[in-house]
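Chains as they are written, first to last, in my numbering: chain A, 1 to 1010; chain B, 1 to 82.
In case anyone wonders, no lab produced these hints; they're calculated from the structure.
Where a beta carbon is used, it is the ideal one built from N, C-alpha and C, also for glycine.
Careful: at least some of the hints might be erroneous.
As the list claims (entries may be wrong) - With the Cβ distance kept under 10 Å, some of the chain A side facing chain B (calculated, not the full set): (1) Leu177; (2) Asp222; (3) Asp223; (4) Gln225; (5) Ala244; (6) Asp251; (7) Leu463.
Claimed, not checked - Below, simulated SDA-like cross-link-like pairs (lysine to any residue); rule was C-alpha separation at most 20 Å, straight line: (8) Lys226(A) - Trp44(B); (9) Lys543(A) - Gln776(A); (10) Lys18(B) - His309(A).
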Amino acid sequence: MTAYMTDYVELHCHSHYSLLDGASSPEALLKQANYLGMSTLALTDHDNLYGAVEFAMLARQQGIRSIHGAELTLHDQSHITLLVKNEQGWRNLCWLITQAQHNAPKGEAVLQDGALIGHSDGLIALSGCRQGRVMSALLRRDRRAALSALAQQIALFGRDNYWLELQHHILPEDDELIDTLTAMARRLHIGTVATNNVHYAVRDRSRLQDILTCIRHSTNLDDGQKYLRPSSEYYLKSAQEMVALFANFPDALANTLAIADRCQFDLKTMPQELPDYLVPEDVSAAKYLMMLCYSSTRYKPQMHQRLVHELSIIRRAGLENYFLVVWDIVQFARGHGVRCQGRGSAANSLIAYLLHISPVNPLKYDLVFERFLSDERSLVPDIDIDFDNSLREEVIQYVYEKYGADHAAMACTFITFRARSAMRDVGKALGLSPAMVDTMAKSLDVRSLDHMQDYSTAPIGTLLLDLCQQIEGIPRHLSIHNGGMILTRQPLSDYVPTEPAAMPGRVVVQWDKEGLADASIVKIDILGLGMLAMISQASEMAKVSVDDLGFDDPAVYAMISEADTVGVFQVESRAQMNTTPRFQPRTFEDIIILISLIRPGPIQGNMVHPYIRRRLGEEDVDYFHPRLEKALKSTLGVILFQEDVLKVARDLAGFTPGQGELLRRALGKKDATAALKQFEAQFVARCLANEVDRETAHTVFEKLLGFGSYSFPKSHAAAFAVAVYQSAWLRKYHPHAFYAALLNNQPMGFYTPAVIVNDARRHGVRILKPHINLSQERCTIEQTANQKAVRLGLKYIRGLGPGAMEKVLSARAAGAFTNLEDLHRRVRLSMRSLEYIIMAGAMDHLGTSRRQLFWDLGKLQHKQGELNLAFADDDIDLPSISPVEAMQLELQGSQVSTHKHVMEFYRSWCNQHGVKHSQMLIACKQQTIVHVAGQLVVRQQPPTAKGFQFLTLEDEFGFFNIIVKPDVRQAYRFVIQGASILLVRGLIQHENGVINVVAQKFKRLEPLNI
Amino acid sequence: MTRLWKNQVIYVLSLDDKPASFRWHGRSHRITHISERRRIDKYWWRERIWRDYYTVLTHSNMLVEIYHDLLTDRWYLQRVYD
């Protein structure tokens, strides 16, 4: 038997992956186990293996042996604890959990007893907690049922693999229960085993467990006491504590070690095999892949050498089939009009380019294949493909149908408690009033509990803050990953359990992307990208193709350089708009660099300004060593892309690209100090051999260390840059189609539909209100002899869902609606929907004022009732609707105002009070004090900004940039959070062609009363 | 029938972590049998109650419920059974 450091192994332990039940992370449990000197720990979450990979990895790091298992729920809601002995046991447990999950509504699991027959090999069963079949029968004083359950479970698992679980939480019945169970075990010649049914690492965490229990039952602590555990004894107890509780039952303690010794399954990487792509007869997958590449319309003779190189690496890795499977998916998409393009490191591959998986020719942009795959890298890389998000489901369903639900599933993702959701749920569980909780939650930044300190002066506030801090980051429920699909030749349940997702027809595996990556299970990311849908629809409306653009139109680059980029992919953010006037992109490469540079990593790494200074000739380019000029020429000596690491290592130290990729991976990892030391020694030695001096070698390696985890492959940026250029080109040359498609694909990007409509108006594109007789479901282009405009679709009318829109369109096919009553009679929409139609101005064309239409709607409502009384309303003089009211109604009814910007109504007041508009700031001198006013359209507080907040205000002429320093932000946060129209006093700051107002004071502008 | 007592502080002698005898109203009571032990930990969100309750039989055949307040480390008599 293995030597154990203590006399006890905990075999029944829940982590926070027992959702809304377990209160500690696997990491916290393992740390506590380590602290207690335990050498082994089991994880037995409810009906899942969500935390298995994380647990195994962390346990290995802590030097603790992990045992995997689960507490399954049987059809009578009783529990049974199963532990994995070996690989067969793992497969059986995955299969059993899959069965249980698919046999119950989402979030629940129910296993039929029959499922255990034939699937108990390799598993050890423990009889379970008080909800176990045996113990619950004894608690009901039904000894006969207890014996019957016992006999049944022994028959299923065999005497050697079944143990009666003894638990002692110092509850009144515990002593008697343990005595009875021990006697039964003795009589039936089975063993007993002590467990503590752990639900948290340390006693203090029991409070959080109570809170989670209340959240699970939608109740509060006072009302939900029947659901709470009676004491705080469900923590990970030391061997000494367990020995004290089970002093008279030494066998039950000793058996924990015996069972642990039998559970030798080690969850490591899994040999996953992808399903076979069916190639033509007598042709191997390798040959077929080669044939496809050489016959590609994109193939050029100069690609031959690189192609041979890639094919040979792929052959050695045995990944021909992988490429064919991905190619097949892309083929399907293109064949069905679904725009798609690869992203990520796959775009480093020429094969991906030739197979039309990636839009980027890697030879043109010097993209290194080994960043994607190399002989040195044993792991199979994911391939990420973006699809038009409006049509992506067709692709997913194709994959499900082609490979079957047993072989194809999506990765899951865990939705965790964040600041606001924590505040709402914990506040409710503590019994605080909904209004109070709502007010507090709204005052918080979505991601941070910082401002909660304000509430921590009251005792309940302290408790609330403490519990919110504890619960933040704990998984609340399971969701679907945005595109990761796992395909296997063997049934998925041989590897990992699956369960139904909330979305009908979707199945997810029980591991998220990190878990899958750690278990070396490759996924194909079928991602939805709204911008591809936008490009596709805009091209269709404009009747142009963007696929063969040359990426060389100066007018497109000029537009981007002027930061005139609302709606353009990747370059519309405030940070981008602040950079482009100085950066002045002129080429496609510039776009690649631009979108890679303005990201948190390079910003934090202080790389942005050096690069731009070098670009503008304000600073000399330093390549560290002449040998690096070739590798870093395009980035002016800045190590910006992941591929640059490979090139630097190659040119300075003679690393192979594969070795360079291993170095890059080590640079991106936490806790890779030892590996990096080895790399450094190797790097320096090889530099010296290449006649590079020691100091330069160390300096360059330091730079590589500083590069850290910026993690942006150039290939990914290049693929995205294609969509940047295409969307910019459409905006420049086909603005009507661009804005119509952009509005059709909201929400997307940084701006609301109202801001997009304002931007369109500023660019001379008329946006027309929804029209009950002319609008289609989506926005369309209306063209008459002398004018062109974008007509808002019916989808912009609030409250009109797909069903209602279909009813309107199908009724309208028989003839236009003549009045409100006609619409009501023929379509039978709800009164609320009709009200929104009127508000949005969709019936203005009928010649009846909106006020009159509201009046008529009231009469229609009455007609729906039983009594058909006539109203003498002819004499009523209804006041007309003012322009301000009309705008407010439109905003309520359709989110946008097509006629005027709200600030136009404040303009005369602003002029009287010296408040400047956005176009006047260019004439203001540096550091002068100004007053500006505008509608708040974007509010950002990036984590890297050290407490600064950046606001974007808009008026009828354009945007204002407002910088809010931390002290001003603190003083005016309630004004900023609560208002939509802000008056700001601040100092003008001209910086690199961008004008900012550094705020000093904020005031809410009073609502319009015109 | 039982009689409930409030705030009856008692002085307890323990053996092996269990109460062996206690002194109440000036008289000493030797515990001959512990019939039940239970621990509660609740109401932490208001005023936490964290106690070990014992139902014990004394040498004078008195059946009583005593508890150990784990927050203050003090003992109390709560109930005397007829």
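Now for the hints, and whether the structure bears them out:
{"no.": "1", "hint": "Leu177", "in the structure": "13 Å, violated"}
{"no.": "2", "hint": "Asp222", "in the structure": "8 Å, holds"}
{"no.": "3", "hint": "Asp223", "in the structure": "12 Å, violated"}
{"no.": "4", "hint": "Gln225", "in the structure": "7 Å, holds"}
{"no.": "5", "hint": "Ala244", "in the structure": "7 Å, holds"}
{"no.": "6", "hint": "Asp251", "in the structure": "21 Å, violated"}
{"no.": "7", "hint": "Leu463", "in the structure": "7 Å, holds"}
{"no.": "8", "hint": "Lys226(A) - Trp44(B)", "in the structure": "15 Å, holds"}
{"no.": "9", "hint": "Lys543(A) - Gln776(A)", "in the structure": "18 Å, holds"}
{"no.": "10", "hint": "Lys18(B) - His309(A)", "in the structure": "77 Å, violated"}
Checked against the numbered hints given earlier, this structure breaks hints 1, 3, 6 and 10; the rest are met.
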